[in-house]
Each structure stands twice: as C-alpha cells, then as structure tokens.
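**Q** My request is simple: use the sequences and hints to build the entire structure.
In my numbering, the protein residues as written are 1498 to 1907.
None of these hints come from the bench; they were simulated from the model. Every value quoted in this text rests on a predicted model; they were computed, and no experiment measured them. There could be a bad hint or two in this list.
Said to hold, decoys possible - Below, in silico cross-link-like pairs of lysine-lysine (BS3-like), each with a Cα-Cα straight-line distance of 25 Å or less:
no. : residue 1 : residue 2
1   : Lys1661   : Lys1880
2   : Lys1873   : Lys1857
3   : Lys1514   : Lys1877
4   : Lys1813   : Lys1891
5   : Lys1877   : Lys1809
6   : Lys1778   : Lys1680
7   : Lys1661   : Lys1699
8   : Lys1880   : Lys1857
9   : Lys1880   : Lys1813
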Amino acid sequence: MTKLENVLVFAGTDDEKYVDDVCTLLDLERGKLESRYHSDSDPYFRILERDVGGKDVYFISRFHNNTLHNLMEMLNFANAALHEGAHSVNVFETYLGCSRQERKSKPGEAVTLQVKANCIMTNGINTFSTFTAHSDATILAFDPSRTRFMNFQLWPPLIRVISKIAGEEVLIKPVAPDAGAAKPVREILNSTTVQQDERFVKDLALVDKDRVHQNKGKSKSGALIGDVTGVIAALFDDESVTAGSMCDAAKICRENGSIGTYVNLAHAKFMMNEIGTDLFKNALEQGIIDRLIMTNSCYLPPDLYEILGLHKDSEKLIVIPTQPLVAEFIRRSAENKGVPYLFSSRGVLGPYENIANRVKFAERRERDEDYEKRFKSELKLYKRLAEPVLGPYKPMVRSHRKLTESSDEC
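**A** Below, the structure is given as structure tokens:
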C-alpha cells in the first residue's frame, strides 16, 4: 500500500469540483458525505464512506460568504471522522474565516480568531492549514501540541505570474495599498524571485490610507509614499472586500506617473460583494487597473469575466488555480516530505510543472485507440490548472499544436 492509499479527501459544500481537481492530481476518488440542514435550520452531517477507520482524512473548503457555515461543517466533519476511527483529521481551509478580529482593541470585543482556534483544537483536528492568513499572529492562537497550524503564503505564484507577463524592458515596483500590507510587501521584496529579477525595483511604495469613515466600514486612500514614476506599480494585498482601498491606491499610482498597475490579491472576497465587483469593473474599463491577478482561494462564479465586464479571453484578468498547491501539500504530508519548501519562491512552480509532465507523459505514450482521448484530457487539465502560471503548453508532436490554440477543442 502506498501512503496515498491511506488518504481520503472530502469537500466542503459547493467545493466538489474544486476538490475533484485535487483528487485527480492525486489519482484518488473524492470521499462521499452528506451535509444539509433540517427545516428548523439544525445541521445534519454524515460521512458516507465506510472505510474511514485508520485513514488520514482531509477536509477542504473555500470561502463562500458564509464563514459560520464553514466552521460548523468543519467541526461536524472532524467529529464524524473521529467517531469512525480516523487515524488523523486534517483540514485545509483556503481562506481563514473568523480571523480578522485577532485581538481585542475595544472593551467588550470578542477575539473571534481565538474562539475558532479553540473550537478546532478541542475537536480533535490534527493539522489545520490555510493560505495567507490575515495576520502573522494567527499562529499564536494555536497550541501545536494539540493542533498544528500551517499558513502558506500565496505571494510566490503571484510574483511568478507578474514576472511572466511583464515586458522585458520595464521596471516593476511593489506597492502596499495601506500600512497593513507593508510587511508582506517587504517579504515579497526579499523573495528569491524578486531579488534575482533585475526588473523589480528593490524598494517599496506605500499608499497612506486614512480611515475617515471607519464607523461605516469604509476607508479613504490618501498620499503616496515613494516614487512610481515610469514603472509598473504592482499592488499586493491579502484580501479585498469592497475594493475601495485597492482601486483608490491604483488610481493614486496612475496619478503619480506609473505606466501600469497590476493588482494582486491572495483572496478575491470582493466577488461576494456587489460594491467590490462594480468598483473593479469600472477600474478595469477606465484603465486605472491594467491587470487583476488573483487566486481561486475564494469561490468564483462561472460568469466571473462577464461580471467584471471582460470577455472570456481577456488578458486583464488572471486567476491562479490553487488546486495543484493543495494536492501537492496532501501528497507531501502523506509521504512525510518537507511542506514549507512547496510554498517558497523556488518550490512553488513544482506542482504546476508536474501537470505539464502529465501532458508530456501522455504525449509520449504508445499510440493506441485511447491515445488522443488521453492526451486531450491531460491537456484540458493543464489549461485549467497550470496554464495561468506556466503559459500555453508547447506540444512535441506537431499535429497536437492546434489543440493548444483553443480551449474549446479540448
């Protein structure tokens, strides 16, 4: 038995397609479960697999604008898995909900992150993983003797995409849209990819955000600290809900002489907010934002391009799939290999290159009656999960080159 044969992977509500991609990359079948609500809103949860005992089970969920549902479903899963004798219970929540209130700043406030961490630790979850937590202090809420917390930054794949799409004769300057984003942007500046790429300016710019409307949940961007004249301003933030700060920051960079603006988001929460989608749509239409680069760590609707006023082949929007990263995390965990390297500047391309190798292997196989079907299937997977990061696949067989020109043919 291989170590992956001792793994079962399950999906949170409405994340079945996302997790199916993860399972395809692992050559596993997605585990079956039932999750619903009674007429009085009480939850019902049941794992339908019969061979959970002794297995390492993984539960994967994304943000769907209902943080409390995600929390309850995760806890129910852990409880059910432990009752069935699972060897270990592991959760990968691609966006860490309940984490924005990680400290007490006013009398009477609850520390919601602490509440969630306590629920996770007392419910028998062995490892809890997420992408780009809102605060580095998140790890302090977890006791590693009870639950191992793992926070993987999504900046490396975002940087790789910027490096790929930017021209050779331009300069790129990382910009923090507010003071809170300054620390991760400094970490980006120190990354191997940025340090080795001469196009990246080795200092950051900062947009001073004046929260004059804090009581109404709004903020107002103010002055630019730093020089963006004649460079591409690459703005980074972990999340954007109403998009106001990011769009204001992009506009300020334009007004201060930047020749382009690339907005980079780890979590596209704005897709759940009509105000946010409208602001980004207008900014893209008006040329305030040249490229919107984000991941699919949050649920994205099928008509994403239409909502943002773009045609489906528009180069203004790039969505980086995170399924390969989750799949490789599970593989490395099962095989007891180092996980942090996976999310480093050097290691982050590995999961995407593995998909390219799948296509190459299918292309090199002996031709039989299923050869063309097998190649098209692997190429289709590459187009969805690896092409946004690596670019179009270049087939070795000349007759296959037409297949790479149109997604519809696959």
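**Q** Please go over all the hints and tell whether each is borne out by the structure.
**A** Evaluated hints:
| no. | hint | verdict |
| --- | --- | --- |
| 1 | Lys1661 - Lys1880 | 16 Å, holds |
| 2 | Lys1873 - Lys1857 | 11 Å, holds |
| 3 | Lys1514 - Lys1877 | 15 Å, holds |
| 4 | Lys1813 - Lys1891 | 23 Å, holds |
| 5 | Lys1877 - Lys1809 | 16 Å, holds |
| 6 | Lys1778 - Lys1680 | 28 Å, violated |
| 7 | Lys1661 - Lys1699 | 18 Å, holds |
| 8 | Lys1880 - Lys1857 | 13 Å, holds |
| 9 | Lys1880 - Lys1813 | 17 Å, holds |
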